[in-house]
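In case you want the letters, here they are:
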Amino acid sequence: MNDLNARRDDAANVAALRRGDEAAFTALVRRHQPAFLRIARVWVRDAAAAAEVVQDAWLAALEGLDGFEQRSSLRTWLYGIVVNVARAHGRAERRMIPMSALVVDETGEAGPAVEAERFHPDSHHWAGHWTDMPAPFPAPDRELERRELRAAMGTAIATLPVLQQQVIVLCDVEGLTGEEACNILGVAGTHQRVLLHRARARVRALLEQHLAEAKQL
Amino acid sequence: MTGPKPTPNPIELVCRELVELVTEYLSATLPAADRVQFEKHLLTCPPCTAYLAQVQATRTLAAELGDAATPVPSEAEVERRLASMFRRWHAK
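First to last, the protein sequences are chains A and B.
The opening position of the first sequence corresponds to residue 1472 in this note's numbering, with each subsequent residue numbered one higher.
The opening position of the second sequence corresponds to residue 666 in this note's numbering, with each subsequent residue numbered one higher.
Hints are computed from structural coordinates only; laboratory data are not their basis.
Everything numeric in this text was worked out from a predicted model, so none of it was measured.
Wrong hints could be hidden among the right ones.
Unchecked claim - Mimicking EDC-like on lysine to aspartate or glutamate, the simulated pairs with C-alpha atoms at most 20 Å apart in a straight line are:
(1) B:705 / B:689
(2) B:705 / B:682
(3) B:757 / A:1492
(4) B:757 / A:1534
(5) B:757 / A:1603
(6) B:757 / A:1527
(7) A:1686 / A:1603
(8) B:757 / A:1493
What the hints assert, rightly or not - Computed footprint of chain A on chain B, listed as stretches where at least three residues anywhere in the stretch have a Cβ under 8 Å from a Cβ of chain A:
(9) 678 to 685
(10) 698 to 707
(11) 714 to 721
(12) 744 to 757
Just so you know, even glycine gets a beta-carbon here, dropped at the ideal spot from N, CA and C.
Make the full structure from the sequences, and use the hints.
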C-alpha cells in the first residue's frame, strides 16, 4: 500500500471507529492483536500479563482517538500506545526505569558483534580477518529447520536487554522503519541503530550456536 | 586463512571492523566513503559475504516470526470482550 492509500485507509478506519462501527474495530483487532501481544510481551513477565496490557491498550487507543493526528501511521500510533501501557504495567512487576537510563545502559560499552576469537589476532599476518567461514543459515525452502530456528530465535530475543528486545521486535519482526521505532520509543536514530546492531549480533550468534549444536547431534 | 602477507593499508577495512558496520550498511546510514570500502571488501571476502548473508537471514527469520499466525486459544473470547468494551466506549 502506498503512503496516500495507507493514509486514506487510516482515516477511514478512524472515522469508522468514531461512528461505532464494531466490524471495523474487530478487523483492526484481528490485524494488530498478534503484534500487540509480541510488543507487550517485551515489557511484562508472561503471556497473561501481555494479554491484559493489550486489552488496556485498545481502550487507551479508543479513549485517545482524538489525539491521533495522522503525523504517523495508525499502526505506529497504536504500537506507541502498547509500548506505553506495557511499560506502565511493567512498573507493577519491577521498578520502571526511565527510557533515558535504559538507553545509557544498553548503548554503553559492550563487547564486539562477533567474538574476538573468530578473527586472527593482531600478531597474525591476517590480523583482523576471519579464522573460518561463517556457516550458512538454512535456505528458505528448508521449512522444518527454519521453524526450529524461528523457535530458537524467539528464545534468543527473550534473553536480550529490554530496549534491544523492543527495537528488534519493532524493526525486524514487525517491519517498522528505524524512524518509526525511534518515534515510538523516543530514542535518537544513532541509539536505535546501536540497539538494533547489538540485538541482531546477539541473536545471530545464538542462532549460529544453535545450528552448530544441532549439527553435532 | 593462509597466504601471502597482505599489504597493510590503513584505509582498507578488515573483517573485524566490517562486522561492526553491518547494521549501518543495511540501514543505508553508512557515510558514502565507508560504504565504498565496505562493498569493496565484500567483493574479495567470502567469509564477510557469508556473515552478511547470516545477518540478512536473521532479519528474514524475524520477519517470518511476525508473519506466522500466532493462534491464541481464547481468540474468540478476547474478541467478544474487546467488542463489548468497544460498545461501552462508543455509548459514552
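Against the structure, the hints come out as follows:
Restraint check: the Cα-Cα separation between residue 705 (chain B) and residue 689 (chain B) comes to about 16 Å, which is no more than 20 Å; the hinted pair holds. Annotation: proposed proximity of residue 705 (chain B) to residue 682 (chain B) holds, straight-line Cα distance about 14 Å (limit 20 Å). Only pairs whose Cα atoms come within 20 Å are accepted, and residue 757 (chain B) paired with residue 1492 (chain A) is accepted, the gap being roughly 14 Å. Simply put, residue 757 (chain B) and residue 1534 (chain A) have alpha-carbon atoms about 10 Å apart, close enough for the 20 Å limit, and the pair holds.
With a CA separation close to 65 Å, the supplied pair residue 757 (chain B) and residue 1603 (chain A) exceeds the 20 Å bound. Of the pairs offered as hints, the one joining residue 757 (chain B) and residue 1527 (chain A) holds, with about 17 Å between alpha carbons and a cut-off of 20 Å not exceeded. In summary, the hint linking residue 1686 (chain A) to residue 1603 (chain A) is supported, as the alpha carbons are separated by about 17 Å, within the 20 Å threshold. Of the pairs offered as hints, the one joining residue 757 (chain B) and residue 1493 (chain A) holds, with about 15 Å between alpha carbons and a cut-off of 20 Å not exceeded.
Coverage of the segment 678 to 685 of chain B by chain A holds. Counting CB-CB distances below 8 Å, 6 residues qualify, and the rule asks for three or more. Proximity of the segment 698 to 707 of chain B to chain A, defined as three or more residues with a beta carbon under 8 Å from a beta carbon of that chain, is not established by the 0 residues found. Under a criterion of three residues with beta carbons nearer than 8 Å to beta carbons of chain A, the stated coverage of the segment 714 to 721 of chain B is upheld, 5 such residues being counted. Against chain A, the segment 744 to 757 of chain B contributes 9 residues with a C-beta closer than 8 Å to a partner C-beta. That satisfies the three-residue criterion, and the hint holds.
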